[in-house]
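Chemist: Given next are the chains, with one letter for each unit.
There are 2 protein chains.
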Amino acid sequence: MPSLSDNSADMDRLLRALSGTGTRPAVDYSLFQRVSRLLRQWDFSARCVLFQGGGQLELLDILDPRGESRALGVAVDLGTTRIVMRLVDLESRETLSETVMDNPQISLGSDILTRIHHAATDEGAEELKTLVCRGVDDGLETLCLQAGVSVQEVYIVAISGNTAMTHLFMGLPAEHIIREPYIPVTNTPGTHRASLFLEHTNPEGRVFFFPNIGSYFGGDLISGILFSGIHRQKETSLLVDVGTNAEVVLGNRDWLVGCAGAAGPALEGGVSSMGMTAGDGVIDRVRRDGDDFTVGTIGHLPPLGVCGSGFIDLAAVLFLTGMIDAKGKLVESACKGRYTMEHGLPALIVVPEETSGTGGAITVSQASLDSLIRSKAAMYTILETIVMKVGVGFGDLEKIHVAGTFGAYIDPESAISIGMIPDLDRNRYEKIGNSSLEGATLMLYGDRYMDEADAIRDRITYVELNVDQDFMIRFSGAKFIPHTDPDLFPTVTKK
Amino acid sequence: MPSLSDNSADMDRLLRALSGTGTRPAVDYSLFQRVSRLLRQWDFSARCVLFQGGGQLELLDILDPRGESRALGVAVDLGTTRIVMRLVDLESRETLSETVMDNPQISLGSDILTRIHHAATDEGAEELKTLVCRGVDDGLETLCLQAGVSVQEVYIVAISGNTAMTHLFMGLPAEHIIREPYIPVTNTPGTHRASLFLEHTNPEGRVFFFPNIGSYFGGDLISGILFSGIHRQKETSLLVDVGTNAEVVLGNRDWLVGCAGAAGPALEGGVSSMGMTAGDGVIDRVRRDGDDFTVGTIGHLPPLGVCGSGFIDLAAVLFLTGMIDAKGKLVESACKGRYTMEHGLPALIVVPEETSGTGGAITVSQASLDSLIRSKAAMYTILETIVMKVGVGFGDLEKIHVAGTFGAYIDPESAISIGMIPDLDRNRYEKIGNSSLEGATLMLYGDRYMDEADAIRDRITYVELNVDQDFMIRFSGAKFIPHTDPDLFPTVTKK
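Heads up: the protein sequence lines correspond to chains P and Z, in order. In terms of full-length UniProt numbering, the first sequence opens at residue 1 and continues consecutively. In terms of full-length UniProt numbering, the second sequence opens at residue 1 and continues consecutively.
Isolated chain P (complex conformation) (with noise of 0.2 Å):
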């Protein structure tokens, strides 16, 4: 309590009271305006909401002490399609609530490649970071009202997207980052004030962008090796992620190697001319039946399409069943009544008009298979690539983290009967979910994280896998199912 031999000043009392955590908060002005107010208020007793961000320690606010107001916080996983988030009381690290929505810069084009050229016009950049910004406002009014907290609580944002997304979202010229050679405006956009970007935050909110390591490698990805925790083990892991990209780190606690590349569109829905977003109807497995198979759809309702992890499980059937060849071609004779022409070329008959939930049958036609396969045979070669690149085998890898949507859906036995994924142990695979939210969740909870995601992006060694010309060699061999070197796939081959 002051007094005429303590008379030093409000402000200075409070933050002397906090010099237990090191060095000297900056205080912003706003909070000049009330503390006088809120300590006598308080009989000089408060909680303080304190962010360290930036190398440099922040008195965002003063709550009551007896008071039941909380600091939250908010983790964003920025994707290119989905964006997902999720509100946690920073204190307790209990989830209140989660929202999920379209990215809506979808409405300037769905990928990525679009906006960036739609944010080189006038007002382009600017357009593409409000709709995101309105949208994630939104999406922090949605997690609020569920959570049934005010917006006023909400602390700290943190956004963990890839190279582009991260740069759309902060309104920047990207079109550097798509030109060789390659340049984004930052790789360590760090900090800033919320309100920048945001309305539906405390005023005085920070927004925490994760750090990129180039133009394919985001920080999405650091975000999830953060969670995945690879980067703290003493045993060498793999963590994939299959977005647009997939993107593949590879490493321990000593050393981290990552790289990126196009798995392409069959891997994610809404690109494909088939492949649907998985929803209410859509065919997300197939199973064997003798010669034959049967479908199972999300929700149990009648099929609408086929989204990505059901066209794996799909084409692991038919390979299994011989209705595709080694090349992924159909075979007219063991397709029997599945089989059809389309537009000129093969197609199977998936769904039969009359069981169809659409009115029609549902194909897939050998150019979405062949898309299948050098998808596959992309992935595989990324994960051969890398882990040739360091010299260590796959039977070495201690775990394999596989995240995002086609980690959460997809079923082992299928990527690696098609030869997508290595013939390993299948309780190698850890299914880790969003990890780029995950990550950014654990971000809010503390500059440990933000150091940490620092580190792993100081630590990563980046391989370019566009430059590299042995790629292509084993890219061919990949091609085949599972490979063009049985060995690799002992336990599909028993089959």
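Since the list gives no way to pick one copy over another, a pair counts as held whenever it fits inside one copy or between any two copies.
Under the rule of at most 25 Å between Cα atoms (straight-line distance), these lysine to any residue pairs were calculated in the SDA-like manner:
| id | residue 1 | residue 2 |
| --- | --- | --- |
| 1 | Lys389 | Asp6 |
| 2 | Lys389 | Ser3 |
| 3 | Lys389 | Asn7 |
| 4 | Lys495 | Arg287 |
| 5 | Lys389 | Val257 |
| 6 | Lys479 | Glu332 |
| 7 | Lys234 | Arg448 |
| 8 | Lys479 | Arg426 |
| 9 | Lys431 | Tyr445 |
Think of the hints as simulated: they come from the structure by calculation, not from any bench.
Position chain Z against the provided structure of chain P, taking the given hints into account.
Modeler: Chain Z alone, transformed into the frame defined by chain P:
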């Protein structure tokens, strides 16, 4: 230059080039938006505007390496009555322009107390903030117009004011400053975005406030110490700054003791009924002429009134000619035709009606003289008290730095004659001008001075004069001219 083998991001490349400065600077959002375009426009070369404040190095802007745009700073001496501003080039340290204005808060109260009470009303603090900020903003525009530069080139504004004026500039509730136990909102207001207060700076500009020691000992004096350099000298010196309060610091490179006390209104114009702010036609010099005296005015114009320094000259002459006695009372017989009565009380005609510039006689009342005696007694007692506190004598002082308007215009001979300042070798007195403005100017030139200002603040032992009983006893002795103990003023006694 970016290449495939060195494809780090634009901002990271820039920060890497700055790594010689030690810590990695924080970067403001708006610079992210511009960096890629500007670096390409300037062939990946740039001049950088860096700011070190509050423990965090910040990159504020980048400038064309071949262009003429400059980084400028503005020093502000934020007085209760007057605001003095100076525009400098941060690189060449050249002064480009200066301006002086009345503090626009005067419209809500000429004295600090009235303003502090006003600040405690609804919207009062905001109203006071707006007034002074608009004034300083206009000053910024004036300075830039005078120097032919753009306000966009102003990156730092350093503000040196007393504790109350700093609070009222920041729009902070200041009422606890004047109530026991005299608690400011903050003694370390630190660095903020200039845009919170001012419009006429670069959008990324920063404003820095000098730290305070306490309610009555403000940043203006810390600024003065910084400029005087007494904190760096081996020998003990004294710094005295008389404004509304008399502020005194005694010390050397090993220790600093400071105190502040009311010196009375007679020393600053505008408050006393006859004391005027220095300006054309104001009597600033009074010279003895046998048993009488003659006056000199600023601009040699017909006299309009007497300012503080002229008043001290006058009192000295009145004492030496016997027109006032040792108690400061007018002696009718010695005053002769200059003696008159006003409102039933004795007064002295300084300038008769015929030669005055006002159309009426210029007089000094006994009440004003009594007030001056109290002021000079307070001044001397403050100096005596602080010197006694630390156990040194006036004779031990290497220098007495006299700052402020008082210091600039006062004749030490006259001030010694009336016993206002100690009777020391005249060349130990050094006029250092507006030391608050000079210190603020130094502050613009780097964090070394910021650290020094913090160190000065941390090192000063503050002596609260108001609560010292001995003070009143010494004060009584000093209410005589020159003093009850004439041995303290040997050169005056000789005259």
